[in-house]
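Chain by chain, the residues run as shown.
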Amino acid sequence: GPKVLQIPSHQIIDMGQMVTLNCDPVSNHLYFYWYKQILGQQMEFLVNFYNGKVMEKSKLFKDQFSVERPDGSYFTLKIQPTALEDSAVYFCASSLEDTNTLYFGAGTRLSVL
Amino acid sequence: QQKVQQSPESLIVPEGGMASLNCTSSDRNVDYFWWYRQHSGKSPKMLMSIFSNGEKEEGRFTVHLNKASLHTSLHIRDSQPSDSALYLCAVNTNTGKLTFGDGTVLTVKP
Numbered sequence: 001g002p003k004v005l006q007i008p009s010h011q012i013i014d015m016g017q018m019v020t021l022n023c024d025p026v027s028n029h030l031y032f033y034w035y036k037q038i039l040g041q042q043m044e045f046l047v048n049f050y051n052g053k054v055m056e057k058s059k060l061f062k063d064q065f066s067v068e069r070p071d072g073s074y075f076t077l078k079i080q081p082t083a084l085e086d087s088a089v090y091f092c093a094s095s096l097e098d099t100n101t102l103y104f105g106a107g108t109r110l111s112v113l
Numbered sequence: 114q115q116k117v118q119q120s121p122e123s124l125i126v127p128e129g130g131m132a133s134l135n136c137t138s139s140d141r142n143v144d145y146f147w148w149y150r151q152h153s154g155k156s157p158k159m160l161m162s163i164f165s166n167g168e169k170e171e172g173r174f175t176v177h178l179n180k181a182s183l184h185t186s187l188h189i190r191d192s193q194p195s196d197s198a199l200y201l202c203a204v205n206t207n208t209g210k211l212t213f214g215d216g217t218v219l220t221v222k223p
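Just so you know, the protein sequences line up as chains A and B, in that order. With the working numbering, letter number 95 in the first sequence gets 95, and the count goes up by one each step, no holes. With the working numbering, letter number 34 in the second sequence gets 147, and the count goes up by one each step, no holes.
Any given hint could turn out to be false.
Claimed, not checked - List of simulated lysine to any residue pairs, SDA-like, C-alpha gap at most 25 Å:
| no. | chain 1 | residue 1 | chain 2 | residue 2 |
| --- | --- | --- | --- | --- |
| 1 | B | 158 | A | 100 |
| 2 | A | 3 | A | 59 |
| 3 | B | 169 | B | 191 |
| 4 | B | 155 | A | 53 |
| 5 | A | 57 | A | 99 |
| 6 | B | 169 | A | 2 |
| 7 | B | 222 | A | 100 |
| 8 | A | 53 | A | 39 |
| 9 | B | 222 | B | 159 |
| 10 | A | 57 | B | 145 |
| 11 | A | 59 | B | 194 |
| 12 | A | 59 | B | 207 |
| 13 | B | 116 | A | 88 |
| 14 | B | 158 | A | 7 |
| 15 | A | 78 | A | 55 |
| 16 | A | 59 | B | 222 |
Don't read these hints as lab results, they were simulated from the structure.
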């Protein structure tokens, strides 16, 4: 089936550093999403993105977070600066339309030390 | 307040048995109900979706929806060890933003 690729699979950084999580969505998809899952806890919506713009974001999407997809390249989530509570698995997803099935990547496990 | 409640939290069924998972939304604005399956350390994968009242069957999997009570259930017959996973119920309105429940951990014992 359609695949969403996430790079890297695991990232370890020191608190206060910047990190960029990369996502290669399904090629013809138009809507992109980031979700956060802390181990053993709920999958929580962060942000969705369409046509170069953030459509909706949750309260978890702090001011230190930003997303972009320059010129059809990777869809990225940048955290600057990182905090300890940012440690989680971040899942990227994409869909063809906003009410279609979301396809998820395998996640990036972020460990902030 | 949790908008999507799933029960039970965990479930153990014997191989070949029937597994029944429940999910209720507290948001009356939701239109779409989804079931995702997430094997340990893997990405969630959409299993089934249901948008109108009634029942939908795909192979060993059956999903029911009662929109009046905002309740959906997933039933897996002839459960296999490979069905062991975290089952996530998710809902959305007319946007792609999915709200997930905490999930049900299903273990199928050989």
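ask   = Is the straight-line distance between the alpha-carbon of residue 78(A) and that of residue 55(A) 25 Å or less?
value = Measuring from Cα to Cα gives roughly 17 Å; hence the hint holds.
Given pair status - residue 2(A), residue 169(B), alpha carbons within 25 Å = With a Cα-Cα distance of about 23 Å, the restraint between residue 169(B) and residue 2(A) holds, given a limit of 25 Å.
query = Does the structure keep residue 158(B) and residue 100(A) at a Cα separation of 25 Å or less?
reply = Given that 25 Å is the threshold and the Cα spacing comes to 13 Å, the pair holds.
message = For a C-alpha distance cap of 25 Å, please report whether residue 57(A) and residue 99(A) respect it.
response = 17 Å, holds
key: residue 155(B) paired with residue 53(A) [C-alpha distance capped at 25 Å]   = 28 Å, violated
request  = With a cut-off of 25 Å on the C-alpha distance, tell me whether residue 222(B) and residue 100(A) pass.
outcome  = The given pair, whose Cα atoms are some 34 Å apart, is violated under the 25 Å limit.
request  = Could you grab the alpha-carbon distance between residue 169(B) and residue 191(B) and see if it respects the 25 Å cut-off?
outcome  = Holds, because 17 Å separates the two Cα atoms, which is no more than 25 Å.
query = Given the hinted pair residue 222(B) and residue 159(B), is their alpha-carbon gap at most 25 Å?
reply = Given pair residue 222(B), residue 159(B) holds - Cα atoms ~23 Å apart, limit 25 Å.
ask   = Are residue 3(A) and residue 59(A) close enough, with their CA atoms no more than 25 Å apart?
value = 28 Å, violated
message = Tell me if the straight-line CA distance from residue 116(B) to residue 88(A) falls inside 25 Å.
response = 22 Å, holds
message = Hinted pair, alpha-carbon criterion (25 Å max): residue 59(A), residue 194(B). Please report holds or violated.
response = Measuring from Cα to Cα gives roughly 38 Å; hence the hint is violated.
inquiry  = Does residue 145(B) sit within 25 Å of residue 57(A), going by the straight-line distance between their CA atoms?
reply    = Given pair residue 57(A), residue 145(B) holds - Cα atoms ~20 Å apart, limit 25 Å.
Going down the numbered hints, you'll see the structure goes against 2, 4, 7, 8, 11 and 16, while the others check out.
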